[in-house]
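Engineer: Spelled out from the first residue to the last, the chains are:
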Amino acid sequence: MTRNRTLIFLALLTSGALVLSLIESMIPFPFIVPGAKLGLPNMITLSVIVIFGFKSGMTVAILRTILFLLVAGNVAAFLYAFSGALLSTVVMYGVYRFFGKQFSLIGISVFGAMAHNTGQVITAALVMENIRIMSYLPLMYLVSLFTGCFVGYAAILIVKNLNKQFEVLRWS
Amino acid sequence: MTKYDKILIICVLIISISGMVAVNNYALNFNNAYAEISVNNDLHKKYTLGYGLDETVVIDNEFGKNTIKIENDVVYMLESDCQDQICVHMGRISSPGELIVCLPHRLIIMVTGERQNVDTISH
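Quick note, the sequences are listed as chains A and B, same order.
When the letters of the first sequence are read in order and numbered with the working numbering, they come out as residues 131 to 302.
When the letters of the second sequence are read in order and numbered with the working numbering, they come out as residues 489 to 611.
Source of the hints: derived by calculation from the structure; they are not laboratory data.
Incorrect hints may have been included.
As the list claims (entries may be wrong) - The calculated DSS-like cross-link candidates involving lysine-lysine, where the alpha carbons are at most 27 Å apart (straight line), are: (1) B:Lys-553 x B:Lys-534; (2) A:Lys-290 x B:Lys-494; (3) A:Lys-294 x A:Lys-231; (4) B:Lys-533 x B:Lys-553; (5) A:Lys-231 x B:Lys-553; (6) A:Lys-231 x A:Lys-185; (7) B:Lys-533 x B:Lys-557; (8) B:Lys-494 x A:Lys-231; (9) A:Lys-294 x A:Lys-185; (10) B:Lys-557 x B:Lys-534; (11) A:Lys-290 x A:Lys-231; (12) B:Lys-491 x A:Lys-290.
Computed from a predicted model, the values in this text were never measured in an experiment.
Let the sequences and hints guide you as you build the complete structure.
Structural biologist: The structure is reproduced here in structure tokens:
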């Protein structure tokens, strides 16, 4: 694929992730935990990591959090989202790179969701200067298990379809 | 969905549920109640109520002699050599905010803490 095509695809995926974050912020989450989210944009990050590699995945993750800050205008939420996105991207890439044969994208996405929550909770503990926030973590892990499975399955479908698209592009 | 995915999911389930149980047990320790014994407005001693505590505190000073009994989470004045014996008749206290006062001996026992009774909030 040419450089321009990569750029265009990354831009499209970033805007897709932005739209997904917006949709996600509109869904009232049925769980008891405040701050828990479906993690829909994570599926974009994961598929970008799989198709384009770590650097592009990190770029998309950072860009979508900054864009979401510009759209939603919530600085406190940006801090949490940013740290969570950074940590989850690093962890997902690490698992994909070194344990890619053992885990499918579902497992990788569960890891990513857990890392996202860990990053968020650590940031919250630092911001509020209260270590007791950490007691949220087990409950968050339980929630991230379900959202992670869902996101991972979606990422499998996205990767399959995108690869099909690229096959078509290569021969055109 | 590979074999390792299933192992991971089961591991996370176990970790998170055991973590929640651990947090619940640990978090209860923050809701302690304390018995604060103060003489002449100075904090004499502070006891953490509960945990099978069984203590007899004897306070003997220039104002007089008091014997305070702490049984698990209940505090009461066992005996006092004051004139009126009001403190002995004040009975047993256990919830935060309750007091036993022995005015002639300038002794105050107060239960403090974060533990709250439901009725004090809702009614």
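Engineer: All hints, please: hold or fail.
Structural biologist: Do the hints match the structure? See the list:
1. B:Lys-553 x B:Lys-534: With a Cα-Cα distance of about 18 Å, the restraint between B:Lys-553 and B:Lys-534 holds, given a limit of 27 Å.
2. A:Lys-290 x B:Lys-494: holds, 22 Å
3. A:Lys-294 x A:Lys-231: holds, 22 Å
4. B:Lys-533 x B:Lys-553: holds, 16 Å
5. A:Lys-231 x B:Lys-553: It is violated: about 77 Å lies between the C-alpha atoms, which goes past 27 Å.
6. A:Lys-231 x A:Lys-185: holds, 21 Å
7. B:Lys-533 x B:Lys-557: Holds. B:Lys-533 to B:Lys-557 sits at ~13 Å (cutoff 27 Å).
8. B:Lys-494 x A:Lys-231: It holds: about 14 Å lies between the C-alpha atoms, which stays within 27 Å.
9. A:Lys-294 x A:Lys-185: Holds - the C-alpha atoms of A:Lys-185 and A:Lys-294 are around 22 Å apart, at most 27 Å.
10. B:Lys-557 x B:Lys-534: holds, 13 Å
11. A:Lys-290 x A:Lys-231: holds, 17 Å
12. B:Lys-491 x A:Lys-290: This hinted pair holds, its Cα atoms lying about 21 Å apart.
In summary, the structure is inconsistent with hint 5 from the numbered list given earlier, while agreeing with all the others.
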